Amino acid sequence: MATPQELSDFLAQVERRAFKQAVYAVRDEHGALDIVQDSMMKLSEKYADKPAAEFPMLFQRILQNTIKDYWRRQKVRTLWTTLFSSFGKAEDDDDNDPLEILAGDPDNDDDQPEAELQRRQTLAIIEDAISRLPARQREAFILRYWEDMDVAETAISMGCSEGSVKTHCSRAVHTLAAILEKHGFSKR
Amino acid sequence: MNTEQDKAKEIIDLLDEGTSRLDRKVLDRLYTARTQAVGRLVERRQLAARQEADGVGHVLRLTGDYFQEHRIAASAFIVIAATLLVFAMSQHLTTKSSAEFGDAFLLGAELPPEAFVDKGFDAWLARTSQR
Chain A
1 MATPQELSDF LAQVERRAFK QAVYAVRDEH GALDIVQDSM MKLSEKYADK PAAEFPMLFQ
61 RILQNTIKDY WRRQKVRTLW TTLFSSFGKA EDDDDNDPLE ILAGDPDNDD DQPEAELQRR
121 QTLAIIEDAI SRLPARQREA FILRYWEDMD VAETAISMGC SEGSVKTHCS RAVHTLAAIL
181 EKHGFSKR
Chain B
1 MNTEQDKAKE IIDLLDEGTS RLDRKVLDRL YTARTQAVGR LVERRQLAAR QEADGVGHVL
61 RLTGDYFQEH RIAASAFIVI AATLLVFAMS QHLTTKSSAE FGDAFLLGAE LPPEAFVDKG
121 FDAWLARTSQ R
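Protein sequences, first through last, are from chains A and B. First residue of the first sequence: 1, per my numbering; consecutive thereafter. First residue of the second sequence: 1, per my numbering; consecutive thereafter.
Since the hints were made in silico from the structure, they are not lab data. Note that the structure is a prediction, hence the values are computed from the model and not measured. Just so it is clear, CB atoms sit at the ideal spot from N, CA and C, and this is done for glycine as well. Do not rely on the hints blindly, as some may be mistaken.
Reference listing, derived: stretches of chain A covered by chain B, where coverage requires no fewer than 3 residues with Cβ under 8 Å from a Cβ of chain B [as the list claims (entries may be wrong)]:
(1) 1 to 11
(2) 61 to 74
(3) 164 to 173
The task is simple: from the sequences and hints, build the whole structure.
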C-alpha cells in the first residue's frame with residue numbers, strides 16, 4: 001500500500017509530462033488540465049492502495065482512458081453544437097499553430113540569442129508533429145521513450161502486443177526524425 | 001548513423017525542455033490537482049483508521065463506501081423498503097382488528113354460537129321482537 005507521500009512524489013514527478021501528453025492529444029490546455037486533474041483523482045481514489053511501483057503503468061492507463069472519455073464528450077458536444085449552430089455565434093477557430101505564433105511575434109527575437117530562439121522553434125515544430133501523430137503511435141512513443149517504460153510495460157499499459165509497441169515506436173520516431181531533419185535540426 | 005534510440009533521445013531532450021518552460025498558471029493548477037488528490041487519500045485513510053478504532057469500522061467502511069458510491073440507488077432502496085414496511089404493518093393491523101372484533105363479538109354475545117348458524121333463529125327473533 002502506497003503512502004500519501006509516495007503518491008505525492010509520484011504525481012509531482014509525472015504531472016508535467018502528463019499535462020504535455022494530454023495537450024498533444026486534445027490540443028487544448030484547459031481540457032488537458034482537466035484530464036490530468038481527473039486522472040490524479042482517479043488514481044488516488046481507486047488505486048492508492050496498490051504499491052507505489054505500480055503507479056506508472058496504472059496512471060498511464062488512467063490518463064489514456066480519461067483522454068478517450070474527453071474525446072467522447074467532445075463528440076457529443078460537437079454534435080449538439082452543430083445541431084444548434086444556427087441559434088448562436090460560430091465558435092472561433094483558435095487552433096494555435098506554433099509556427100504562426102512564433103512567426104508573428106517579432107518582439108521576442110531581439111531579446112533572445114539565435115540558438116535559443118531556434119531551439120524554441122524546433123520544440124514548437126516537434127510538439128506540433130507529435131500532436132499530429134496517430135494516437136497509438138504517439139502513446140507508444142511517449143510511454144516507451146518519455147516515460148522510460150520498457151517494451152513489456154508499454155504493451156501492458158496500451159493493451160497491445162509487444163510487437164505492436166515496437167512497430168508504433170519505430171514509425172513515430174521515423175516520422176519525427178524526418179521532420180527534424182527537414183527543418184535542419186541536428187544534434188550538437 | 002543514428003539509431004532509433006538516439007533519434008528518440010534527441011526528441012525527448014526537446015520535450016523535457018518544453019516541460020521546464022510551462023506557464024506559471026499551468027504549474028499552479030497542476031500543484032492544486034496534486035494536492036487535492038493526496039488530500040483525498042489522507043481523508044480516506046484517516047476515516048478508515050477511525051472506523052477501525054471504533055471496532056465496527058470494517059463493516060461500516062465496506063457498507064459506507066458502497067452507499068457513498070451508490071447514493072441514488074441506496075436512497076431509492078430505503079424509500080421503497082419504508083413504503084413496503086408501512087404497507088405490511090397497515091395490512092397486519094387491519095386484519096388483526098377484524099379478527100378480534102369477530103371473536104369478541106361471539107364470546108360476548110348472550111346467545112350460544114350455534115344460534116348464529118340456525119336459519120330459524122332470525123324468524124324467531126323477528127316474532128319475539130314484535131310482541
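Hints, verified against the model:
A count of 4 residues in the stretch 1 to 11 of chain A with a Cβ less than 8 Å from any Cβ of chain B is obtained; the coverage claim is therefore met, three being the minimum. Given as covered by chain B, the stretch 61 to 74 of chain A fails the check, having 0 residues with a CB less than 8 Å from a CB of that chain where 3 are the minimum. Counting residues of the stretch 164 to 173 of chain A whose beta-carbon sits less than 8 Å from any beta-carbon of chain B gives 3, enough to reach three: the coverage restraint holds.
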